[in-house]
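Participant: Kindly generate the complete structure, drawing on both the sequences and the hints.
Protein chains in written order, with UniProt numbering: chain A, 1 to 351; chain B, 1 to 266.
Hints listed in this document are in silico derivations from the structure and should not be mistaken for laboratory results.
Treat the hints with care, since some could be wrong.
To be verified - No farther apart than 25 Å at their CA atoms in a straight line, the calculated lysine to any residue pairs in the SDA-like style are these: (1) A:126 with A:305; (2) A:308 with B:41; (3) A:272 with B:119; (4) A:254 with A:305; (5) A:141 with B:124; (6) A:138 with B:130; (7) B:60 with A:91; (8) A:141 with B:207; (9) A:203 with B:129; (10) B:48 with A:272; (11) B:60 with A:317; (12) B:48 with A:65; (13) A:141 with B:69; (14) A:141 with B:132; (15) B:55 with A:91; (16) A:322 with B:231; (17) B:48 with A:308; (18) B:48 with A:321; (19) A:322 with B:51; (20) B:48 with A:72; (21) B:60 with A:169; (22) B:60 with A:326.
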Amino acid sequence: MKRLIQIFALVVALIVVASPIAMAKDSIRTSGQPCLHGLPIWMALDEGWDTPVDFTFTLFPSGAPQVEAMAAGEWDCGAMGTVPTLMASLRYGAKLIAVSNEEGETNDLWVRPDSPLLKTKGANPKYPDIYGTKEDWKGKKILATTVSTGHFALSATLKALGLSDEDVDIVHIEQGQAITAFSSGEGDIVQLWAPFSYIAESKGWKKVSSGKRAGIKIPGGVVVRKEFAEEHPDLVVAWLDTYMAGLDKMRTEKAAAEKELDKYFTDYCGLKLPADALKNEFNLRPIYTVDEQIDILESPDKLPAWMKAISQFFVDQDRIDKSEQEEYLEANCYIDSSFMREVAKLRAARK
Amino acid sequence: MKNPSTKVSAWWKEYWISVLSLFVFLLVWELVCRTGLMSRHQLVPPSKVFIVFIKKWYTKSPDGALLFDHIKTSLTLALTGFGAAVLIGTPLGLVMGWWKSVNLLVRPIFDAIRPIPPIAWIPIAILWLGIDIEAKAFIIWLAAFVPCVINSYTGIRLTNPVLIRVAQIYGASNVETFWKIGVPSAIPMVFTGIKLSLNAAWTTLVAAELLAASQGLGYMIQMGRRLARPDIIIVGMLTIGLTGALMSYLLSKAEQRFASSRSLSD
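Facilitator: What follows is the structure, encoded as structure tokens:
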């Protein structure tokens, strides 16, 4: 009897000791959008990866509410588009720690099959994949979501043709409504981004330009809330390692990743994309390795230059002040490669 | 005739507490921001809002238009939808309230449409009307139409039956009774409905400008959001509030002129 009591006491003690250890696993609140850059987070959760930190995933319909939630301290690490990344950094000091993918080709411009723009391609030899001439584009009514990378792609296209925003009629409209409006005959050209672009493709519309075709880079940002980065850098590294594992899978196991993307869109985002669209998500969006990320983050002519170009676009549009841009550039666009370098070290030690 | 100083004194005697409450509200707001009870990310002090408000009258940055242009666009849009709602909704409500057959004909459709949020109509509005003022005014019209109908209907239904019987005794036809007894009797409620419609029109403005727009107070708020500029958002909100209040005031003056002898008891 005495021995039984001793054994019972030992078991209880072990449980008591173990509980805090089990309960002490760190947790991170993450966020994303119904877009490719949310997939790494989703995969880790959906497939039940054994991760060093636990994390939750909150989906936002677009960048604006995602940034607002970050400002309110509602999430710690997340993936978002370029413009929300810029605003999150400029307004709230968020650190840009990785590039989820490069979205130049998936910020694009579409016309109906009977558009006169389709008669000419490569009017400016420097931009051989842009359709239409200067005269074709001039005066056209363009449905676009302004204050966005899509607008950046549009303006770059116009510039490539020797035009500016003032030479066309740009009407601000949100993406979903742009599809509806263009379907009902409104506008001559519509600016879209994936996954809305794939809806355009399914309707038989024709792509006439994109950010890539107009010579610009549109990096999707992986960001961390300033305070969280300062207080928990180790957790950021652990989470970033997981995120990079997701990107690795997306690069190296495309078939499996496509299935997971389909599930992510269908089950979590409420979208259903055709198989071709799922393939395009991977084929059109470059994804980078850890070493490539470090190079991109640290090379002056890469991410810093890409973000500078976008900030200049907003200055030119009179959306942000020159002084705001100067502050942004002085902070190196809030790019911080230290976390990615730590991931590299972690992986090297793991080998 | 009262002299101006007496008028001012009387006004102050009546409204000092309102002025005081506004002052206290602004003071508390400013202190909350300056003491850090709420971070600058969460709330912008009224002093900064005021500065931005002034600047917007002469600079288009960051949303692309002057405040005057935003107000003008929004007023045009809101008043178009509101005006159409009053022109259609008020007569419809009166007729529904007076003629049972019309009520039975219209009521099922009206009751089905009534609870649908105006914003839900946006995709349909785009398909039917495109992306210009017609579609946006339609969204506002939907919001403003309902209270016009309901209040007109209720107002005429509240007509004193004694007056109706007196008219009938003196040989008035149903139509004559409608115009001479029913409609005048409904005036107070009609104006109440119009005021509610105006509020509904104005509060739906942001939703309406979710459609394609390049100017307007709702558009300004959206741009403020995209640019993470809460100061712009608040300026837009306050301008909507002040402009709406001004229009309500003007409508109240009109009501006093046309419905003073039939005012509801306070």
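Participant: Give a verdict on every hint.
Facilitator: Status of each hint after checking the structure:
{"no.": "1", "hint": "A:126 with A:305", "result": "holds (20 Å)"}
{"no.": "2", "hint": "A:308 with B:41", "result": "holds (24 Å)"}
{"no.": "3", "hint": "A:272 with B:119", "result": "holds (24 Å)"}
{"no.": "4", "hint": "A:254 with A:305", "result": "violated (30 Å)"}
{"no.": "5", "hint": "A:141 with B:124", "result": "holds (21 Å)"}
{"no.": "6", "hint": "A:138 with B:130", "result": "holds (22 Å)"}
{"no.": "7", "hint": "B:60 with A:91", "result": "holds (20 Å)"}
{"no.": "8", "hint": "A:141 with B:207", "result": "holds (23 Å)"}
{"no.": "9", "hint": "A:203 with B:129", "result": "holds (21 Å)"}
{"no.": "10", "hint": "B:48 with A:272", "result": "violated (45 Å)"}
{"no.": "11", "hint": "B:60 with A:317", "result": "holds (11 Å)"}
{"no.": "12", "hint": "B:48 with A:65", "result": "holds (23 Å)"}
{"no.": "13", "hint": "A:141 with B:69", "result": "holds (21 Å)"}
{"no.": "14", "hint": "A:141 with B:132", "result": "holds (12 Å)"}
{"no.": "15", "hint": "B:55 with A:91", "result": "holds (20 Å)"}
{"no.": "16", "hint": "A:322 with B:231", "result": "holds (18 Å)"}
{"no.": "17", "hint": "B:48 with A:308", "result": "violated (28 Å)"}
{"no.": "18", "hint": "B:48 with A:321", "result": "holds (16 Å)"}
{"no.": "19", "hint": "A:322 with B:51", "result": "holds (19 Å)"}
{"no.": "20", "hint": "B:48 with A:72", "result": "holds (20 Å)"}
{"no.": "21", "hint": "B:60 with A:169", "result": "holds (18 Å)"}
{"no.": "22", "hint": "B:60 with A:326", "result": "holds (21 Å)"}
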